[in-house]
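In the order they appear, the protein sequences are chains A and B. Just so we're aligned: the first sequence equals residues 2 to 112 in the numbering used here. Just so we're aligned: the second sequence equals residues 735 to 846 in the numbering used here.
Calculated directly from the structure, the hints in this document are not laboratory data. Glycine included, C-beta positions come from ideal geometry on N, C-alpha and C. Worth double-checking, as some hints may not be accurate.
Quick list of in silico lysine-lysine cross-link-like pairs, DSBU-like style, CA-CA up to 35 Å [unchecked claim]:
id	chain 1	residue 1	chain 2	residue 2
1	B	K735	A	K45
2	A	K58	B	K735
3	A	K15	A	K45
4	B	K776	A	K15
5	B	K802	A	K58
6	B	K776	B	K843
7	A	K10	A	K45
8	B	K843	A	K45
9	B	K843	B	K802
10	A	K15	A	K58
11	B	K735	B	K802
12	A	K58	B	K776
13	B	K735	B	K843
14	A	K45	A	K58
15	B	K776	A	K45
16	A	K10	B	K735
17	A	K58	A	K10
18	B	K776	B	K802
19	A	K10	B	K776
20	B	K843	A	K10
21	B	K735	B	K776
22	B	K802	A	K15
Chain A stretches covered by chain B per the calculated footprint, using a threshold of three residues with CB under 8 Å from any CB of chain B [as the list claims (entries may be wrong)]:
id	stretch
23	37–43
24	48–59
25	99–110
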Amino acid sequence: NAGVTQTPKFRILKIGQSMTLQCTQDMNHNYMYWYRQDPGMGLKLIYYSVGAGITDKGEVPNGYNVSRSTTEDFPLRLELAAPSQTSVYFCATDGTLGGAFFGQGTRLTVV
Amino acid sequence: KQEVTQIPAALSVPEGENLVLNCSFTDSAIYNLQWFRQDPGKGLTSLLLIQSSQREQTSGRLNASLDKSSGRSTLYIAASQPGDSATYLCAVKTGGGNKLTFGTGTQLKVEL
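Work out the full structure: start from the sequences and follow the hints.
Structure, rendered in structure tokens:
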């Protein structure tokens, strides 16, 4: 009963490096989301997807990219990492009537 | 643009007290409202989900109400325990991708 799985749990990047945050779900949900959470702030939506092959920008998409080739996977790509991208990243799915389910998060530090 | 506010930002209570956390939102055209709990360094755990047609939901010592017309929800915690210490987040779902908009949370500390 995995639910939403994110990898890695922690990562330190140097400025200018790139990386992909992985998210996979086994609940067959169409809707998937990426949020970032900064200290003392609520969660901000980065990108979301309403199904395989369809993605759209959220509130804070700059510096990120996503793809959704399958229902299960929704990776988040960081290009040219900047200190402002230091944050905790959460992937979530939505079962519509069942509400949202979250992964355990990826804590990213850019130095 | 939907905005969600949670009051108070932080709350400290002695064990055994009943308490109320507040959540307000600006756009009443929501699909549902969800309350989450977040422990330090952890992910979000769903506590209660209230559909837009519902007035309240209960789970154990937790009761959440929804007044969509006034843009308010409350989370009532009965007989608080130290294990209830966490940050509580509310989020509303609106159309166009079923996006969730989050409040900034209430940090609760229940002391012995």
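How the hints compare with the structure:
no. : hint             : result
1   : B:K735 to A:K45  : 13 Å, holds
2   : A:K58 to B:K735  : 15 Å, holds
3   : A:K15 to A:K45   : 23 Å, holds
4   : B:K776 to A:K15  : 24 Å, holds
5   : B:K802 to A:K58  : 27 Å, holds
6   : B:K776 to B:K843 : 16 Å, holds
7   : A:K10 to A:K45   : 19 Å, holds
8   : B:K843 to A:K45  : 25 Å, holds
9   : B:K843 to B:K802 : 28 Å, holds
10  : A:K15 to A:K58   : 25 Å, holds
11  : B:K735 to B:K802 : 16 Å, holds
12  : A:K58 to B:K776  : 25 Å, holds
13  : B:K735 to B:K843 : 32 Å, holds
14  : A:K45 to A:K58   : 12 Å, holds
15  : B:K776 to A:K45  : 17 Å, holds
16  : A:K10 to B:K735  : 32 Å, holds
17  : A:K58 to A:K10   : 24 Å, holds
18  : B:K776 to B:K802 : 30 Å, holds
19  : A:K10 to B:K776  : 10 Å, holds
20  : B:K843 to A:K10  : 26 Å, holds
21  : B:K735 to B:K776 : 28 Å, holds
22  : B:K802 to A:K15  : 46 Å, violated
23  : 37–43            : holds (count 3)
24  : 48–59            : holds (count 4)
25  : 99–110           : holds (count 9)
Figure legend: structure checked against the earlier numbered hints; the only hint not met is number 22.
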